[in-house]
Structures are given as structure tokens and as C-alpha cells.
Amino acid sequence: MTLILDPTDERVPVERQITPRTGTVSGVVGLMDIRKPRGNILLDELEALISDKLPGVEVRRYAKPTFTKPCPDDLRTQMKAECDFVIEALAD
Amino acid sequence: MADKPDFSLSDIDGIERSFPTGQPTLICFVKEDCATCNLAAPVLQAYHEAFGGAANVWMIGQEAAGNTVLKSRHGLTLPILDDSRLLTSLAWDFESVPALYWIGADGEMLTHFEGFIREEWQALDQSISQALEVKASKVEWSDYPEWRPGCGSMHLDPEVNDRLRAEADNSPIRARKIEVAAADDVAEFMFDQGFSDGLPLVPPTPERVMRMLSGTRRDAQEVIAQMPPNMGDATIEKIAINAVMAGCKPEYLPVVIAAIEAVCTDEFNIHGVMATTMGASPVLVVNGPIREKIGMNMGLMALGSGNRANATIGRAVRLAVRNIGGSKPGGTDRSTLGNPMKLTMCFAEWEERSPWDPLHVERGFAAEDSVVTVFAMTSGPVNIVDQESRAPDEIAGTIGMGLEAMFLPKYHMMPVDSLLVVCPEHLDTLLRDGAYSKDRLRDRIQEVTKKPLREMVANDISGAGMTRAVAANLSDEKLDQLVPKFASKDYIHMVVAGSDAGKFSAAFHGWVTGAMGSSSVSRKIED
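For the protein sequence lines, the chains are A and B, in the order given.
First residue of the first sequence: 308, per this note's numbering; consecutive thereafter.
First residue of the second sequence: 15, per this note's numbering; consecutive thereafter.
By construction, these hints were calculated from the structure, which means they are not laboratory data.
Owing to the predicted nature of the structure, the values given are computational and were not obtained by experimental measurement.
Treat the hints loosely; a few may be bogus.
Below 30 Å or equal to it, Euclidean Cα-Cα: the simulated BS3-like pairs (lysine-lysine) are [claimed, not checked]:
id	chain 1	residue 1	chain 2	residue 2
1	B	Lys424	A	Lys343
2	B	Lys492	A	Lys371
3	A	Lys387	A	Lys343
4	A	Lys371	B	Lys517
5	B	Lys503	B	Lys517
6	A	Lys343	B	Lys517
7	A	Lys376	B	Lys503
8	A	Lys360	A	Lys343
One chain only, chain B, in its complex shape (with noise of 0.2 Å):
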């Protein structure tokens, strides 16, 4: 068995008490309120007399004032020490009181049970006299009971435990501790200090950074990202405290970590995309059983509020990226106008509802992967309304002509992400002839959107586009070529969502996509 910890406790008469001892030691756990440890009493006292000689017997109780009571309720004289802090019993780790141990003069521990059967206590008494080479106790253990439960230690009481285990030494918690005082309102004070996002925060003590920290299996202290602009170190426990604030359950973790790797890659470029003045924000898609596990909402209000996974996990990658990262607004946050985006956006695509593959096997995952994929959006959701369609090429046409509205209707070609959530009653209209794939459904976008170079030229109603000047150096042909509003298909990504109700699909419209700016990044969501 292995050795036990160190500790050193004062006994109810003020006496330092160490361990370990150099001597031959029994020590038993208990507390006050427990009847077991009340029957147990007068035999550890009996201990104390036959073995307190040759060995310590003492009993470490759990309450301070409880101590008195037992001290006098039995008539008492065996050191009883105060582990009213519960520090030694919890690194002692045991379940229940009476919790006794029986160690050798060289610290080995020899014997430990918890709880009371009477043969147990007995063959003790018996073995500790032929070591000791004293008289065995005077115990009657014909009146005492063959076996009474023990109760549970005090330490693992669930109101304390979280706190014990963040002050323990072995403790999962590096980060610097704030005390706020009792005077101040803990809420206005996270407000003063710029922790937050403009809404309340939940407080990070240390009992809620433990409890969230339970949420996965990674080392607290791993460091998962550099995350510009301060280049500051993400760990699992900075990101487990903005989780924290932002009103994650522990389950949620796992989402963050994933989401925090994926901003922080130098493809998806957190810096650039918090720096904007075009006011972009992670904009978070969640795929993969995960969903379902932690309650995200895919269906009804998706992309709204009301859903505590969907509106926590956002909120929490944000407030890490400000927190961590230190992007602020004002400071390298320069967004002109900012979005509600920049608060939190994360939700699931409804994968069970449509029969195409879903985001994160598209992208190159097994299907029973959780996945969570980033993109850097500056507008949306941005609604496509069409309720009178009700021919496949129809409603596809319809949402072509609604994402001709990312930037500009005008500008064309362009060489930017948009990420469409098609509707689950726009999607039947889709397929109700029959299959059509996302890839149709691209080439439709492409095709509907088509218009004449021209069109593109800045001209008296909007300056936008293509400079006259350029535009004069080109033919008569080249301006009336056709042009789509994506560079490219692969532009255009797409999930699906929403309840089974109603006809309006959405859009996100993207930043700068690819090197020069931001590409989206998809993460394996681990335990």
C-alpha cells in the first residue's frame, strides 16, 4: 500500500501534530454527526490506552466544534486533530468515517478500513498487540455490533469538494487568484476590468473553474495556442475560466478547446479577422453526435437565442480571444460597425434532416466524428425569403439570387466564402423531384447569378465595382461576358437547419478568404 501524505494538524489542545511520525501510528477519520464514528470512539480511546505507550493513537476529526462534542460525549483523552479544512482528508482520499489506518514506524501503511465490522477492529487489536508486544485492549467486543456503514467524509461533500481540490497542492489551478472584496459587487467589478463582453459574466471562482476543467481529459496546463494579437498562452484552464464566465456546462469544454485550436491556426488567422475594420467573427458550425449530447439546438430558433450550448460555446470562444488574445474593440478590434456576431455564433447543422453529407464529412470526416468547423464571417444571418416556389431549379434560382446580395449585388467573381443554411422546407422543395446535390445546387447559384461584365463597371448610380478607367481598356466582348457571383463553386458552402416550418433559408457572407486573409478550419472534437 502506498505511503500517505504528509500533514501536520493541531489537536484540540493546541499540540502540533505531525506526520510522519517515526513511531508505530494509528490514525482514524472521523466526524461528530456520524453514529459510526460514535460506536468507534471508545474503542480508539481503548487503543489509546492499551497502545499509547508504544505507538500514537490518534483520531483526526473533521469539525472543530464537533471535536468538543466527542471529546467530552466519551470521555476523551487520545489527541483528537483538526482537519476542519478537510485538506488532509482529501489527500488522504478516502470515501467514508470511521476511516482508519494502521501505520509501521517507517511510514509503510499496513492496515485501512472504513466504516465498522466488529472483525476488522478485533484482529486489529490483536495484530497491533503481537507487533507492540503489549496487552491487546480491553474492549467487549461481544457488545458491539458486526458491522454498522460508515458515512460519507465531509470531504467529498459536493458543495466543498470543488473548492478543496482547487486549494489542494496538487492542484489543477496555476491561474493568478483575484480577491474581490466583500463590499464589492463581483458582477460590476468583471464589468470594471474589462473581462467582459458588455453582458454579465458568471464568476470564475475556483469550485466552477474545476467543475468545467471535469469537462475533458486534457492536461489543465496544456497549452493549445499562441493567440494573437498578444500572443498569449491558451491553456485548458484560461479557456476552462472564460468558459466559465461565458455560462458553459463542463460538457461544453471539449466544443471550445476544439474551436480555439481551429481560430488560432494561422489558415483561419483570428488576428486579421478580429483586426478588421469590416467587422468579422468566428462564425462556428458543430457536426457529429456531440450535438446531440449536449443539447445544441439545430432545429427551431437555430441560429438564435435560447439554446444554452449554442449561445454559451460562441460566447466563450469570443471571450477567450479577448481575454487570452487580448483583441479588444478600440484596441485591434477596429471593427467600423461590428456585428451581434462578435457576442457569440455557434450552431448545429440538422445532419439527419437532408441526404446530403454533412459539413464535416464533406470536409473529410467519418460521419460518427464530432467536428467543429470555423468560418470567418462578416454579415449574417441574412434571411432568403421565397414562399411561392415550388419547382427544384426554383427555389434553387431563389437562393442564388439571395446570396447576389454578399457585399454587393454589383461585385462578382468574387473570391469569398459564404456559408448558406438551406431551410429544411426550402430543402424538400429541392428534392422533391428527386435527388439534388449540394454540387447542383452550386452550379444553379452559379449559373442564376450570371450577369455582363458591365454590369460591374462604377457608373452614376453606385462607384462601386470596376474603375471606368480600367473598364475603357476592355472590348466590347469582354465587357458582356458572363460572369457568376463566385469566383469559384467551392465558394459556397452549405449546412442544413432550421425548424420544419416556414420558407426562409439564411447566408453568412464571408471576409477576406485564403492567405491573404482567412480560411475556414475544421477540428476533431476530443474528450
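Bound-form chain A, shown alone (with noise of 0.2 Å):
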């Protein structure tokens, strides 16, 4: 028997679980922009999509600073408390 010492930070994996789904879309949708090339013009046509078949529906627009860093927690917080849905636009 040898023994090692561990190497990483024993964090435990804990399975992320999802959100129970509704079936609906209503209240706020936010749409994130990561900031990378194009994802604007993706969020532009998600934007459009919305409003035109879901027109109940509220869409708030966010960014991130930079796609480099994760997002800010005040941006975090800002979105969950606004928000009921959230996509986000991720790379290129």
C-alpha cells in the first residue's frame, strides 16, 4: 500500500441539478452577451425571434466586460434578481 497526498483542492463533485422545467416562457428573459465577435448579431436574431412569437415576454439585454474573465458577481446578482430566464451567447 503506498500513500499519495492529494494533489487537488478536494472539492467534491456535486452534480448540478436542473431547474425544474415549466413548459412556458414568460416574465423577463435576459439575453447575455459574453462579449465574443458575433455574439451580438446572435442575441439581435434571439431578440426578434422573442418578440415576434412570445410578445408577453420581456426581453433585457446584458454584457460581460470581457469573454477573458468571469462575469462580475454584481452582474450575476443583477440577472438573477431580473430575470426569470437567462440565454447566454457563449464563444464565436
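Mind assembling these two chains? They're in different frames, but the hints should get you there.
This is how it looks when you write it as C-alpha cells:
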């Protein structure tokens, strides 16, 4: 038997649970641009689609300062407070 | 004298003996193969016979089998306690055996000596008899030599001491211990656990981690950074574990610690550096006296393989980012291609070879400081070949043309760092007519890379660069404006390294330089 020491941060992986699906979209949908090139174009299209097909839903736009760094806590908190749903445009 | 730690040990008859006892107690640590311990054993037996009614007289042996031998060899009847795990020996912290302690009923240590000096043992005999108001022992002191040296205690044997310190109550080790079954191959197990960068690892046993921690004065549990993306606590201990796996020697650890402090700053932004599809990685440059002290390579093959310090310091930083931060390929490391620098990239500047201020002095440190500087680089080292130029401005021009390759020759006015490594022969050519400053070289690079802006516009050969739509709105005069490779010469960093033979300099190419991406960071290396 060999004893070795754990080189990791010893985080026990917690399986992420998916938020229960309601089957309908209502309230506020946030559209998050992480600032990758052309993310705004994708989100413009999505905003047009939502406005057309879900006229009762309000769309709000958000953007990270830079895609290279994690989302600032303030912005994450703001989106959580203001939105019922968030769609994030990843990559370019 | 300080009180000694509690213990509870079994004697040779299986009776549990605990300290403190609440009575006067004489304790002597011995080992069977020590001639002086064998000299002392009959004396201890005589003490037991004289004082055993009013005090405990215990022998503590460092080997279970040896205790049995001592008992029969000397006809001992005093309690012989088993410390074959050596943890009590370690806790009592003496150097040689026999190690004798005479302790009062309240636990206060009254006398301690090691080895055999007849006067000391005889004086103790007298003082115990007076204290307990009983007769002295029946030892014939004239039969004993005046002096015999003790033997080294077994707990100080280098083969066991690191393990003992790791297991002790006051051990600095706090990391989760993983038992690898005897039937499992440790190397394969570590691959399976995802600890490895793809190459074999040195198993981080407690003994090895203890030795690694001896390389720094810092507390093992000090948290030097929260490492993204998991924001894991980068303790000195966790860094030491990863340094062991990388193959570092303990004396490299301060460099690894300083480099990890540097990469975990917001300016360096290790999260973005690791995550980018462009495949960036830290490049470490070491300056100052530590280069010589730990035997780093700054000459022949400085950027290549073969030097343990260069190879393992860079690897330790990357393994820490992987294991403590949790950045792994396919997870948050999304490199399209990656590059070998993701395994390791660390070298030293050959400061003495050039008249230039070395990198750390340029960045505000004292020449005698040891400093590590980290750059986020996406390519390199890319050779810049010129075996013909003999004039300073010619070789400087060549270096400029070489740097034009960064990202794409077509791209100019780039706000992106490059790290130029000037080889000694190119340096000699630069200096052949006298002084040639780093700044003059930077100016020359900017001068020779100037191109009309129109050459940056997308065309049928390459759609990269300025879009045709943007260019259409610019005047001819604007499009004829000459623009250099770099948006500012401050983006050109340079060091000297390499062997005296060969006209080959090299460049590392940066990533997104600045607040939106990564800025280079220097950290002083402290013991």
C-alpha cells in the first residue's frame, strides 16, 4: 500500500441539478452577451424571434465586460434579481 | 526546562504505561544495537531496584524485537516500553541514545542528558536518592568508563524522519491522504485520477511532501491565492504536492510559489489564459541570484530540455493550475491546438552575458533580487535566423522582420506583448560598434516593420486584417500611412539567453495583452 497526498482542491463534485422546466416562457428573459465577436448578432436574432412569438415576454440585454474573465458578481446578482430566464451566447 | 509531551505505550508484558504519571519518573530511551545503551542498561536496572518503590523507572526501546533481546541479555525486570513507531521519540525531540530524563511528580523535567558521562549518571544517582530519601543504587561506578558517546536516535534516520514528521500530531500535512492498494500501480493510479499532464508523475508521498516543504520558510497552510476556475485554495502544502509530482527539488519551491502568486493575480488572469481557444500558457523567466543557486539553465538549450530546474518549475506551475484550479483540457481549457508550453516553459536570463539591464531590473527590482516574471504567450519560441548580418542595424532589422511573424505578418499596430530572446552571437553583432540599447533595438524593430496601412486590408490572398468595408471609408492618404508591427514599443520585452555558438534568436508571441486579457507580472522570490 502506498500513501499519497491529494494534489487537488479536494472539492467533492456536486452534480448540477437542472432547474425544473415549467413548459412555458413568461416574465423577463435576459439575453447575455459574453462579448465574443458576433454574439450580439445571434442575440439580436433571438430577441426578434422572442418578440415575434412571445409578445408578452420582456427581453433585457446584458453583457460581460470581457469574455476572457469570469462574470462579475454584481452582474450575476443583477441578472438573477431581474430575470426569470437567461440565454447566454457562448463562443463566436 | 519545558514539560515533555504525553504518551501512552505498551511495555514488554503488554501493560499500558502512560505519561505523565503523577509520580517522580525516570525515563531512558535506548536502542538494542547501541553499545552505550547496553552499557547503561544494567545501571537503569540498578536504579529500578533502588528507586522503584518511590518512582517509576522506565526504559523505552526503539525496536520491539530489540527490547526482548535487551531484557534477556541483561536480565532486566524494569518496565521496557515499546516505541518502535518512534512517534514518542520524535515528540521528545532528542538526538542520541541513551537519552535520559528525570522528571518530578508535577511533570517538571529536572535532569536530561544523552550518551554516557559517568559523573552525570553517578550524580543523578545521588540526587534521586536524596530526593526520594532512599539509598543510592548499588552500581559500582568504578567498573564503568568515564565517557562513551551515544548513538544517533532511530527517529532521526533520514529514511524514516520525514515519514515520522508527516505522521506526527503537529505535522504540517493537512491534505487528504489517498491509499493506493498494493495491487495498484501508483503511476497508473495517478493517471486514472486525472492528476497528470500526460507525462508520468512522482508520487506525492507524505515523506516527499515534507522534504519539499523544507524548501520554504512559509507556513504549509498559508493560502497564497484562490485559483480559478474552481477558486481552489492554493496553500503552500498543495503547491508542494504538485511540485513533488512535477519532479522539483525543495530548493525550487520558492520559485514555484512566486510564479503561482504571479499567475493568480487579476492582471495575469490565469483563467482567461487557460480558457482561450488560442492556446495561451504562462512563460516563466527567472532573474537574480537564485538562477545559480538552484542550477537553472540560461545558456545552451536554455529554452529546451535537459535541465531539471527549468523543466520542473514550469511543470509544477501548470500542474498546480490543473489540480488546484481545476483547469483541464476539454473543461475550461479550450485550446484549439494547444502547444508544448502547456507542459512547461521556464528559463533563466543570462544577465552576465550582456551589458543591458536584465528584465527584473527594467521592471523596478534590485539586481540582487531574485524575481520570476510570467508572460501569457500563445506561440514560441519561434526562431529568428540570421547568419549573415555583420552590422548592428542589420541584425536589429532581422530581429524586427522575425517579429513580424507574430500572429500573421499582415497584422500591424498590435497591442500585444512579445518576448524576444536575443542569442549571444546576435547580441555581439549588435554591440560590435559600441553600445546598442534595448530601446534602440525596440525602435529599430518598429522602424523596419513599418508598412502602408493598405497592406493590412483584406484581399484575395488573405481575408484577414482590416475589412474591405472599413478600408473603403479611409482616404488614400490614410491608407498610405506607415504603421509598425506593435502599437507601442513597450510591447516588446527582451532577455538574453542561449549558447555562445549559433546565430539564432527567438520570440514568444503573446495573447490579448492588457486589462481585457493578460498583463505580464513579476514577483520577488522569497525563501
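Quick rundown of the hints versus the structure:
For the hint pairing lysine 424 of chain B with lysine 343 of chain A, the CA-to-CA distance comes to about 23 Å; that is within 30 Å, so the pair holds. For the hint pairing lysine 492 of chain B with lysine 371 of chain A, the CA-to-CA distance comes to about 34 Å; that exceeds 30 Å, so the pair is violated. Of the supplied pair hints, the one linking lysine 387 of chain A and lysine 343 of chain A holds, its CA atoms being roughly 22 Å apart against a limit of 30 Å. For the suggested pair lysine 371 of chain A and lysine 517 of chain B, the alpha carbons sit about 46 Å apart, so the restraint of at most 30 Å is broken.
Of the pairs offered as hints, the one joining lysine 503 of chain B and lysine 517 of chain B holds, with about 24 Å between alpha carbons and a cut-off of 30 Å not exceeded. Using a Cα cut-off of 30 Å, the hinted pair lysine 343 of chain A and lysine 517 of chain B is violated, with the two alpha carbons roughly 41 Å apart. Only pairs whose Cα atoms come within 30 Å are accepted, and lysine 376 of chain A paired with lysine 503 of chain B is accepted, the gap being roughly 26 Å. Of the supplied pair hints, the one linking lysine 360 of chain A and lysine 343 of chain A holds, its CA atoms being roughly 27 Å apart against a limit of 30 Å.
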